[in-house]
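Participant: Chains as they are written, first to last, in the UniProt record's numbering: chain W, 1 to 258; chain P, 1 to 278.
Just so you know, the hints here were simulated from the structure itself, not pulled from any lab data.
Examples of chain P residues lying across from chain W (beta carbon under 10 Å, computed): (1) Leu74; (2) Gln79; (3) Leu89; (4) Ser142.
No residue lacks a Cβ here, since even glycine has one placed at the ideal position from N, Cα and C.
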Amino acid sequence: MSFRRIVFGAAGVAGAVALLEVVSRTGLVDASALPPATTVLGEAAKLAVDGKFLADVAATLQAWFGGLALAVLVAVPLGVLLGSVPLLGTAARALVELMRPIPSVALIPLAIILFADPTQMKMSLIFYACLWPILINTLYALRDVDPVAKDSLRSFGFGTPSVLWRVSLPSAAPFITTGVRIAASVALIVVVSTELLAGGINGVGIYLSSTQAGGGRTDLLLAGAVWAGVLGLLANLALLGLERVAFRWHSAKVEAIA
Amino acid sequence: MLQITGLTHSYGGDGLKVLDGLDLTVPDGQLVSIVGPSGCGKSTLLRCIAGLIQPTGGRLTLDGRPINGVPDDLAVVFQDYSRSLFPWLSVRDNVALPLRRRGKSRSERRAAAEEALESVGLHDAGRKYPWQLSGGMQQRVSIARALAYRPSLLLMDEPFGSVDAQTREDLEDLVLQVHRTEKMTILLVTHDIDESVYVGDRVVVLNRSPARVHADLPVGLPSVRDQIDTRGLPEFVQLRAEVGRLVRGGARVPGAAPVGAQPAGVAEAKGAGAKPAP
Ligand SMILES: Nc1ncnc2c1ncn2[C@@H]1O[C@H](COP(=O)(O)OP(=O)(O)OP(=O)(O)O)[C@@H](O)[C@H]1O
Ligand SMILES: [Mg+2]
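Could you build all of it, start to finish, from the sequences and the hints given here?
Facilitator: Right, here's the structure in full:
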C-alpha cells in the first residue's frame, strides 16, 4: 500500500467522522438515535479494556476461526477432488449450485435444534456459509490450471500425484486464498447475526442486543459495531497481506498482463 | 529407435484430421529437423511422441515398445515456453525440479541447474523468477531445463523463436554440441529453413494439414558444423533451397540433394519429379 493511499484513506475516514459529529451536534439528527462520532469512539475505547466485552469478542473469534478452519479443511480437499476429476466435478456442480444460495441464517432454527452448545451451533452455520466460496474457488482454480504447465511436468515423467502437488496446487493457491478471504467476511456476518438472532451466553452479537435492553444505548451499540468492523477489516488485511507476500508471482504476472 | 507408422490424430469429435497416416523412423542418436507450414500438426506430432495425447490412430514405438504414456528419459521444450515454466519457482528451481526424477540430492540438482543456465548464457538469472525475464530469456530457461535433465530423447518445438540472431546461433551450436557429447536423439521443429539444414542430420518436411511426411532429406554435411563455413558450403545452399521449395509445396527437384540410405516413410511428395519411394 502506498503512502498516498494511506493518507487519502485516513483523510476519508476523518471526514466521515467529522460529518457524523456535525450532524449529531447540530441536532440535525436526534443525538440519542445517532450519537456524535466522538462519543461512539470514546465508548469503543472503553470497550477495549472492558473484560466482559473482551470475553464476548473472544467467543465470537473462537466460533469465527473454528468454523472457518473447519470449512477450509473440508472444502479445499473436496474442491481439489471435484476439480481434478472432471466427471465428479460435473456430477457435483448441480448440487453445489442448489445448496449455495441457501442463506446460512435460514438454517439457524435447524442449528438450534441440532446443537445445544452455542459455540457449536455458530461454528456449524459458519462452516456451511464458508464451505461454498472456498469450494467453488478451489474447484474452478483446479480446473483452470494451465494444461501446458501440467504437461511440462508430466513430460519429465512425473505422475498424477506429483503434478497435483507441484503444479496444480501451487497455481490454484492464490485463488483458494481469495476464496478463504471472501469466506472470512461472510463468516463474520453469519456469526454476529446468529448471536443476535439465536442468543447465547457470549459474543459480540450478544453484546449488541444487550445494549438495546431497557432504554437502549445507541452509542454502546455503535461502539460494539465499530469493533465488529475492525475485526472484519483486520481479517481481510491479514489475508490480503498473505496473498501479496506468498503469491507475489501471481500478482506480478497479473500486472504484467494488464 | 523411434518408429511411427500410420499416425493419425484428430482433436475433439469433429473428426477433422490433423495428422493423417504419418510414417517416420528415427534411429537412436539422430538429430531430425522437422519443418512444415504453420498449423500443419508439428506440435501435435511431438505431443503424440511425448505420450501427452493418445493419437486416434496409428502405431508409435520407442525401442520396440509401444508408447502409452510418457516415455522414460524424455524432455520436451514446449512452443509455449512461458506457460511451461512455473512462476512460483525461481529460475534455478524451475531447472532443478525435473532432476528429482534422477534421484539427485538438493545440492547436486542446484549445481546441475546452474551449469545448464550458464550454458544458455543465463549465469546470473538463477535467483530471479521467470516472469522477471524477457521472452527470449524464458525460452532459454526452458531449454536449460531440458538439457539439465540429460534425456535420451529430446523434443524441441521451435525452441529458438524468441531470441536474437546471435543468441540463436549460439543455441544451435549448443544443441549440436550436446547432441554430439550426450548422443541423444533430438527432434527439432523449426520454421527457419536455414536452421533446419544447419542443425539437422536429416530434414523432414511435413505437408499442409492433415500432415504426412512430404519429403525426407538426409543432410550430407560434415558432422562438425560451423556457423560461417557450413552455411557457405554449396551443399548447404542447395539443400536449403530445396527444403524451401518443398515447404512452399513445390515438388522435389531430382538429384538436387545428396541421396543417402533413407528410412521408411519417404516422400509422400506429389507432382512431377517426386522421388519414388524405395
Ligand atoms: N488442443 C487442440 N484442440 C483442438 N484443435 C487443436 C488443438 N491443438 C491444435 N489443434 C489444431 O490442430 C492443428 C495443428 O496444430 P499444431 O499446433 O500441431 O500445429 P503446428 O504445426 O505446431 O503449428 P505452428 O507451426 O503454428 O506451431 C491446427 O489446425 C490446430 O487448430
Ligand atoms: Mg506448433
